[in-house]
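If you want the building blocks of each chain, they are given just below.
There are 2 protein chains.
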Amino acid sequence: MTQPLAVTFTAGPGGDWRIERITAVAGESLPVATHLSLGNEMPDQGQSCWRLRGVVSHTRYTTAGELKRLNAASPPLGRPEALCAALIPIRKSPAWWSMAQDERRAVFEERSGHIAKSMPYLPAIARRLHHARDLGEPFDFLTWFEYAPEHADAFERLVAELRASEEWRHVEREVDIRLRRVAR
Amino acid sequence: MTQPLAVTFTAGPGGDWRIERITAVAGESLPVATHLSLGNEMPDQGQSCWRLRGVVSHTRYTTAGELKRLNAASPPLGRPEALCAALIPIRKSPAWWSMAQDERRAVFEERSGHIAKSMPYLPAIARRLHHARDLGEPFDFLTWFEYAPEHADAFERLVAELRASEEWRHVEREVDIRLRRVAR
Numbered sequence: 059m060t061q062p063l064a065v066t067f068t069a070g071p072g073g074d075w076r077i078e079r080i081t082a083v084a085g086e087s088l089p090v091a092t093h094l095s096l097g098n099e100m101p102d103q104g105q106s107c108w109r110l111r112g113v114v115s116h117t118r119y120t121t122a123g124e125l126k127r128l129n130a131a132s133p134p135l136g137r138p139e140a141l142c143a144a145l146i147p148i149r150k151s152p153a154w155w156s157m158a159q160d161e162r163r164a165v166f167e168e169r170s171g172h173i174a175k176s177m178p179y180l181p182a183i184a185r186r187l188h189h190a191r192d193l194g195e196p197f198d199f200l201t202w203f204e205y206a207p208e209h210a211d212a213f214e215r216l217v218a219e220l221r222a223s224e225e226w227r228h229v230e231r232e233v234d235i236r237l238r239r240v241a242r
Numbered sequence: 059m060t061q062p063l064a065v066t067f068t069a070g071p072g073g074d075w076r077i078e079r080i081t082a083v084a085g086e087s088l089p090v091a092t093h094l095s096l097g098n099e100m101p102d103q104g105q106s107c108w109r110l111r112g113v114v115s116h117t118r119y120t121t122a123g124e125l126k127r128l129n130a131a132s133p134p135l136g137r138p139e140a141l142c143a144a145l146i147p148i149r150k151s152p153a154w155w156s157m158a159q160d161e162r163r164a165v166f167e168e169r170s171g172h173i174a175k176s177m178p179y180l181p182a183i184a185r186r187l188h189h190a191r192d193l194g195e196p197f198d199f200l201t202w203f204e205y206a207p208e209h210a211d212a213f214e215r216l217v218a219e220l221r222a223s224e225e226w227r228h229v230e231r232e233v234d235i236r237l238r239r240v241a242r
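Taken in sequence, the protein lines are chains P and R.
Take any residue in the first sequence, count from 1 to its spot, add 58: that is its number in the numbering used here.
Take any residue in the second sequence, count from 1 to its spot, add 58: that is its number in the numbering used here.
Worth flagging that the hints you see were computed from the coordinates, not collected in a lab.
Any given hint might turn out to be false.
Partial chain P-side listing against chain R, Cβ under 10 Å, derived [as the list claims (entries may be wrong)]:
{"#": "1", "residue": "P62"}
{"#": "2", "residue": "A84"}
{"#": "3", "residue": "T117"}
Residues from chain P that keep clear of chain R, each with C-beta distances beyond 10 Å, as calculated [said to hold, decoys possible]:
{"#": "4", "residue": "C107"}
{"#": "5", "residue": "A144"}
{"#": "6", "residue": "H189"}
Quick caveat, the model's predicted, so the values are computed rather than measured.
Where a beta carbon is used, it is the ideal one built from N, C-alpha and C, also for glycine.
Make the full structure from the sequences, and use the hints.
Written out as structure tokens, the structure is:
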């Protein structure tokens, strides 16, 4: 990851992923749509229901030791067996963003175990984080997950563990979008 | 700072600041222009020579203790006596961005003293950092400084100290633009 990668998620009548459900976990939901596409700088065809932009960029809290373990454990996107996906856009509170780096890191990992709790799930669940806050978007982060149907229960446990953490008290808006890959 | 603030620097035939000189410190320079304007989401009138976009956003390395001291020492922008300004756009190397957070922090402060060296100058020199990397801009950071003519020497010392630090070995492009406020 030497250059940031701009990614647009477009919900509309067509796309590689069929939307199974959209759930508002905290705050306002997103409009109902049937399909989702991922692309880099995709032009809007005028048919989209909603679009969310983010940037895959450098890590913000991860230490060198954690990064090494994460990279070793993380599968790539696009595995043939990963027919399930989730897009979870999140916005954190103004109080979160007014904290200094060491305070945010302490909540994120030392007190919430964000990385430690995610690590056991990584061989099964592929994950890519997109930063959106500095783009003026309605969410701060868009996290994209891909997994095989047999790991759907594991994914539910991961999401439940993170939502029960201290870090999640700072989440003021969260939408959970579940998807199935369209047969090719 | 609860919401990121988008700022556009526009060089062209008019603006609140007259450009005295543009110096390439590392890598490619920027085209010659006579004036610079700062604005939020300014439309391009078609007369601009170049435009650089950035976002004033949350701090990335500063600890809570450092942030408290920085906030206490930092003057606001727009002081009547601050007739001099500098805009210093910087791009860091791919190697910098591939480091983990703790490695970048160690170079930034523990080994280079970026905050510690800047602190003594802060009562005289106002400073605002704009993040640009995730916007797909040619620079990673745009730092804007304002100071009174009597503090011009102090500003040169600050810039020289930072450029001599280990952190600056990771700077692969740097342009130094010096400005004078246009009489109102």
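When the least beta-carbon distance from T117/P to chain R is tested against 10 Å, hint result: holds, 6 Å
P62/P as chain R interface residue, shortest Cβ-Cβ below 10 Å: For P62/P, the interface hint holds, since the closest Cβ of chain R sits about 5 Å away, which is under 10 Å.
Least C-beta distance between C107/P and chain R, which was stated to exceed 10 Å: Check passes; 25 Å lies beyond 10 Å.
Interface-negative label, A144/P against chain R, beta-carbon threshold 10 Å: holds, 23 Å
Claimed clearance of chain R by H189/P, with the beta carbon kept past 10 Å: Check fails; 6 Å does not lie beyond 10 Å.
Hinted contact A84/P with chain R - closest CB pair below 10 Å: violated, 18 Å
Violated hints, in rising order: 2, 6; the structure is consistent with all others.
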